[in-house]
Amino acid sequence: MSRLLFRKTGRAKFISHLDLMRTMQRIFIRAGLKVRHTEGFNPHPYMNFALPLSVGTESECELMDFELTEAADPDAIPALLNRVSPEGIEALKVYDSARKFKEIKWLDIEARLFYDNKTREAERLREFFAAPAIVMEKKTKRSVSDTDIVPLISALQVTDLTDGLALISARLAAQDPGLSPAQLISALEQRAPELAPDHAAFRRIEVYDKDMVLFR
Amino acid sequence: MTPELERILLKVQKPARYTGGEYNEVIKDKQDVDIRMAFCFPDTYEIGMSNLGLQILYGAINEEPGMWCERCFAPWGDMEQEMRAAGIPLYALESGDPIGEFDAIGFSLGYEMAFTSVLNMLDLAGVPVRSADRHQLTPLVFAGGTSCINPEPMADFIDLFVLGEGEELDIQVLKLLREAKREGWSKKDFLRRAMEIPGVYVPGAYTPVYGEDGTLAAVEREAGAPERVTKRIIEDLDTAYFPTKCVIPSTEIVHDRVVLEVMRGCVRGCRFCQAGFAYRPVRRHGTEFLLEKARAALENSGYEEITLSSLSTSDFKGLPQLADGLLSWCEPRKISLSLPSLRADNFSMSLMERVQKVRKSGLTFAPEAGSQRLRDVINKNVTEEALLNSCRIAFEGGWNTLKLYFMLGLPTETDEDVVAIARLAEQVLHTWRQYASNKSRGVKITVSTSMFVPKPHTPFQWESQVDVEEYLRRVRLLRESITSRSIVYNWHEPHVSLIEAALSRGDRRVGGVIEEVWKNGGRLDSWTDYFSMDRWLEAFAECGLSPEFYALRRRGNDELFPWDVIDVGVTKKYLAREREEAYAGRVTPDCRVKCMGCGANRLLERRSCDE
Numbered sequence: 000m001s002r003l004l005f006r007k008t009g010r011a012k013f014i015s016h017l018d019l020m021r022t023m024q025r026i027f028i029r030a031g032l033k034v035r036h037t038e039g040f041n042p043h044p045y046m047n048f049a050l051p052l053s054v055g056t057e058s059e060c061e062l063m064d065f066e067l068t069e070a071a072d073p074d075a076i077p078a079l080l081n082r083v084s085p086e087g088i089e090a091l092k093v094y095d096s097a098r099k100f101k102e103i104k105w106l107d108i109e110a111r112l113f114y115d116n117k118t119r120e121a122e123r124l125r126e127f128f129a130a131p132a133i134v135m136e137k138k139t140k141r142s143v144s145d146t147d148i149v150p151l152i153s154a155l156q157v158t159d160l161t162d163g164l165a166l167i168s169a170r171l172a173a174q175d176p177g178l179s180p181a182q183l184i185s186a187l188e189q190r191a192p193e194l195a196p197d198h199a200a201f202r203r204i205e206v207y208d209k210d211m212v213l214f215r
Numbered sequence: 000m001t002p003e004l005e006r007i008l009l010k011v012q013k014p015a016r017y018t019g020g021e022y023n024e025v026i027k028d029k030q031d032v033d034i035r036m037a038f039c040f041p042d043t044y045e046i047g048m049s050n051l052g053l054q055i056l057y058g059a060i061n062e063e064p065g066m067w068c069e070r071c072f073a074p075w076g077d078m079e080q081e082m083r084a085a086g087i088p089l090y091a092l093e094s095g096d097p098i099g100e101f102d103a104i105g106f107s108l109g110y111e112m113a114f115t116s117v118l119n120m121l122d123l124a125g126v127p128v129r130s131a132d133r134h135q136l137t138p139l140v141f142a143g144g145t146s147c148i149n150p151e152p153m154a155d156f157i158d159l160f161v162l163g164e165g166e167e168l169d170i171q172v173l174k175l176l177r178e179a180k181r182e183g184w185s186k187k188d189f190l191r192r193a194m195e196i197p198g199v200y201v202p203g204a205y206t207p208v209y210g211e212d213g214t215l216a217a218v219e220r221e222a223g224a225p226e227r228v229t230k231r232i233i234e235d236l237d238t239a240y241f242p243t244k245c246v247i248p249s250t251e252i253v254h255d256r257v258v259l260e261v262m263r264g265c266v267r268g269c270r271f272c273q274a275g276f277a278y279r280p281v282r283r284h285g286t287e288f289l290l291e292k293a294r295a296a297l298e299n300s301g302y303e304e305i306t307l308s309s310l311s312t313s314d315f316k317g318l319p320q321l322a323d324g325l326l327s328w329c330e331p332r333k334i335s336l337s338l339p340s341l342r343a344d345n346f347s348m349s350l351m352e353r354v355q356k357v358r359k360s361g362l363t364f365a366p367e368a369g370s371q372r373l374r375d376v377i378n379k380n381v382t383e384e385a386l387l388n389s390c391r392i393a394f395e396g397g398w399n400t401l402k403l404y405f406m407l408g409l410p411t412e413t414d415e416d417v418v419a420i421a422r423l424a425e426q427v428l429h430t431w432r433q434y435a436s437n438k439s440r441g442v443k444i445t446v447s448t449s450m451f452v453p454k455p456h457t458p459f460q461w462e463s464q465v466d467v468e469e470y471l472r473r474v475r476l477l478r479e480s481i482t483s484r485s486i487v488y489n490w491h492e493p494h495v496s497l498i499e500a501a502l503s504r505g506d507r508r509v510g511g512v513i514e515e516v517w518k519n520g521g522r523l524d525s526w527t528d529y530f531s532m533d534r535w536l537e538a539f540a541e542c543g544l545s546p547e548f549y550a551l552r553r554r555g556n557d558e559l560f561p562w563d564v565i566d567v568g569v570t571k572k573y574l575a576r577e578r579e580e581a582y583a584g585r586v587t588p589d590c591r592v593k594c595m596g597c598g599a600n601r602l603l604e605r606r607s608c609d610e
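Each protein sequence line maps, in turn, to chains A and B. Start counting the first sequence at 0; every next residue gets the next number (numbering that gives the first Met the number 0). Start counting the second sequence at 0; every next residue gets the next number (numbering that gives the first Met the number 0).
There could be a bad hint or two in this list.
[To be verified] In silico DMTMM-like pairs for lysine to aspartate or glutamate, Cα to Cα no more than 20 Å straight-line:
1. B:K13 <-> A:E57
2. B:K244 <-> A:E66
3. B:K27 <-> A:E86
4. B:K244 <-> B:D155
5. B:K13 <-> B:E45
6. B:K10 <-> A:E57
7. B:K333 <-> A:E66
8. A:K101 <-> A:D64
9. B:K518 <-> B:D528
10. B:K244 <-> B:E24
11. B:K29 <-> A:D147
12. B:K518 <-> B:D155
13. B:K333 <-> A:E38
14. B:K316 <-> B:D237
If you are wondering where the hints come from, they were derived from the structure by calculation, not from laboratory data.
Just chain B, with the same shape it has in the complex (with noise of 0.2 Å):
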């Protein structure tokens, strides 16, 4: 470390973020190494320690000899302030060089309020923004994760996109990068290689073409450049990396527990929901490996909570005899298991007890709309008699404090409809009041609404987002119509979703808007400390465009869409379709119920779908 950053950080909040030195980290001997890569997560220390992919490519590219991937976060305004008053670029907290001078800088894209950081983060660590000004081949400056599935409004800044999931695709793009500094090539020789490997977007190489109205009218592209790009998954789990020696921070972050990931997909086809199409097909763990590696995560880290993670757990086949085989390992040395995204339709009543055990939290379900007919539009297939049964059985076991999630502004949602959400959890009430086993410490009911956000590679990518103003009446609606103390009610701030609306599906003119916003101070947009509804409004007009464009414009049947290059599995016929299924109200059973050819098999070579 050197004296200057010594001096910064004793001055800024929490300088633990930005040290490094944690247990498990790697250190490799630089003279060993002939790729470095720099792993930047466009948030927090404790936001990007806790996301699972950052540990999981952070390992698999550590275990190629000859590479080393380090990792470096978005400082906060503190620490950016008093970096850019003494000089120092930005570093990655293993070495602590700047990660201008690397082969490779990587970002996690997650979600698209952290774009600004992405700029913000190259502008610290002296790297020019866009793409075009950056003339060398290095440091290369690539990007993968949710949502580059539409990554149109990063295109300008981003020289790479790797599509889908990273273990083997990133590893084989810093092959070819090691060879292109070997071999001496250009930048653009390098890009023009990389885009034959499949999964690779070089947005460099597509023009996007506008027509009179504003949408886009057509993709040019160089020779070479593939149509469409279709994401690169592991086919069989059990054989990619599996992150057991994990970086364990010295600070608190926000998920400070094993992660254990047991599938990838979601058989269950929300229409509201793009990861459970995105990360089709559905591929699970073995429950041996799972165990093994449970077993192995929790000695390295000393952890004393161990979560399951998946899009829905519940839909895990073995989860019973994981489970139990966890708990027996888990119970006598007083580590707790939590076990998020349960279905209220298939809570188990057994799993509860056991997992109670050791320590009880708080219980969160999310019908996410409040009417059976909206539940049915979305494909949410919850009933309300499914819910208060997992209700009933959490008041019997104990369970004190429920949490309940829904989404206001889905498509088709009426006034009935919201006011329905009280009534629902007027139910809840009810139910705790019938079947509560201790009444004497009382309840506490929780709804939360946020709003919807359509996006892209989902059936409501063509649908309209309610305006901000809309939104507040059904707010308004919905808290008039709650009347009991027991019942809490949170809603979300509306202007972030629009502005999050408009970048999920923006096209490549929103670069510039991003850009303008970075330039006016903008960055860790997804904070309230940072957001400024006033300087995206001003960004938008500045750049000649408007959210609303993207957020509230309803797109024609036939309309092409930025994120059209982008081949994510599920076809964009299927989504048509589940649409006009949507419309009528009709449920579309689960993928187990029935195969609905929504396309993501074909990514599959050797096996079928969750298998």
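For reference, chain A alone in the conformation it holds in the complex (with noise of 0.2 Å):
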């Protein structure tokens, strides 16, 4: 199987991630790449993304899993993919890899976090983030429960950036259960609403398996 690393940034961190199936595939059709389809009543194109990324965040470690029909030089796709995608997706690399998402355990994340009429937030925001337990309402489909997501949190780190800018960078617990950069905004804005930003923009750096190893 082969694996594709790429970057999806500015405005294409709004494409969501139905249309990036959608959009990818395209791409490679586009490069001339051959990607072998399912079989079945509708064949389409096997492609698998690790991790499906909300609508908004940017992403600079996104996986998806493809095969092509035919072999071509790993080292030459990225390039190839590039001339044809829209602005703000980017190829970085394409490797063989037989290791499954599932093992991805952690992920490296950045919130900016804008306040409108605050500055210099971030003492406090470490102060809340610091608590032996932060408990929070967690919607799911069928329920509402209470979750502390300090197990969540491997590390979290707060910085001003500016007046009115804060900075988290942060490593999260990526699934089974996960947790979204959204998260930690939603705890503010439910354990903390003095501390809730106005508007909060996120990105996801890098990601990891169980053991903090770089997950390829």
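Two chains, two separate frames, one set of hints: put the complex together.
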């Protein structure tokens, strides 16, 4: 199985997961790379994405598995793809991998918190996230339950970038269960509304396995 | 992208519609550009990006050095609300710059229900909606598209209409605008010069005068304004711009595929069909030309589907060769070919069998009327026998989903004609029972009816529309006449059709109604989410007008029409003759059997029709 490492930044961050699948199919066709199709009544190109990305979140570390019907030099593929990609989708590397996406355990993220009428919130944000337990309501499709999110945070740093802009850099649980950067903001809204930003922007930086080794 | 915009995009549905950045979008260096145009489509991104006209004109204008054409669509309500709250003016997708600062704002007016969105988009751009309130040369607000063949309802809002096919005309207008900018002309000077360009209609140079009965009595015009404006056409299609590097949306749109236009105009002359008359004369692309362009368009897009587009693709002379050529290229690449606008009468077995190899979708036929008598009246030259024969081929070939489209309220329609729709659907079902290759999967036959809308520049332009109650009575009659559970009946809501009829044959006073509706919150009126009949009725009343006057009134034979100022090629005299033939129940043969002298060939200088 071939794996593609790519970025999704800038205007492309607004492309939804479903639309990204379609867009990626078309990128491969335009690049002249034939992707193996699934069997069955309505065959479609086989492309498997790790950890779907929320609309509006940027990423430096998206992974997608695919298989070509004709062999191609993996090192040549990123350039072929980038020539025919929409703005903001950038292939970085193609390589063979047998590791399962299930093994992804941790995600490094950045969250930029914008405050319209406040300055220098980093210290208070640090205090908030340093609590031994942060219990918040998590809504699932079926129910609402209380969850302590602290075990889902491996590391978290806060810095003031400028007045009214704080940066959270954190390593969060990726899945089963995971904690999305947006949920950090939800936690603020629920537990410390005075610290909730007026606007927040998120970016995925890296993916790791359970041993905190870079996942590829 | 500004931080303000980024912020609101996180709050709205489907934000990818509002970002630009798609593959093949055209970005130019502003320093090399002296004419900036916003191509505005007064409907959503998903609809507008599916429009072939947009892709053609966007590509053609951007091939011009120094001109940069960008796209702009109507935001959905949630986005509009956020934009207004944040003070973000309407912007073009490519640069993100406010379109109010552009040299030209060009609207594509394909259907009447988009009119209110034009006003709303101008307002969102911070541009006064009325032409008279825009005193500067720029932004020039112009419009083209099918519904401009009666430009009068939008005449107060648009500085200049471009009539007919825009590939050459739009660029001519923009070049004149460039000269005007350079020379410092006033808007009035510019419009006076623009009137000299064939195909340009400057409504401000014409003043309608109404008689006591409310009909148009005369049209006064300024010196230099032509008595009639003749629409423009591209005489040799293969020499004009043909889109092969279309902007490929990163989000799903309505027609997410390569659209290959094979011909313009139609040889058939169905008497209700505006496009059938307005797009004449018939011209076609060369088959080899199309094969080459299709391959390029597919390779540049990554689409896995291509569709052939025209008013009647069955009538494209090179269809067998084109379909063969396309299929042999598409099949190994798993690209499917779809052939809409096929006629039931010359539906080809071998063609259908070849097409279905890749993927099989539902079939649609549009007999338009249930009885042969009424089909003769509207000149829809398809017989029941031919239709059933096509259905038989389809069912034998494994199709089991069939849609049948009809209109209710056609001129001379009786209850017998309505019931005949049910009978025809039953015949189709019977054909399935007899010939289906796989009956275990069942069959679904869908009958759809819409309310007939009489349109300008058709033989029925004099006709009355049936009123809403009568339409609904006929709907009930049809519903009660359909007994089989395998036949599903859908009918279109009649209120929109009434307003559409009033707008399409409206005069300049209807502009006041459109403005009133917009002021009261009207926009995106082709969407049931937004359309409000009450809002339209109130606006008509507010302006002292009634939709019935425009929609239901049968016009006198000699009535002067607001759209008579526009010459689409086909003459009013010919349309009147066709109307008489309709009442006599006589069919008119298609152009290839015999030229009936419709007048559209006058638009051709070097060639003859259908060459």
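Hint by hint, work out which the structure violates, then give me just those numbers in ascending order.
-> Hints 2, 4 and 11 contradicted; others consistent.
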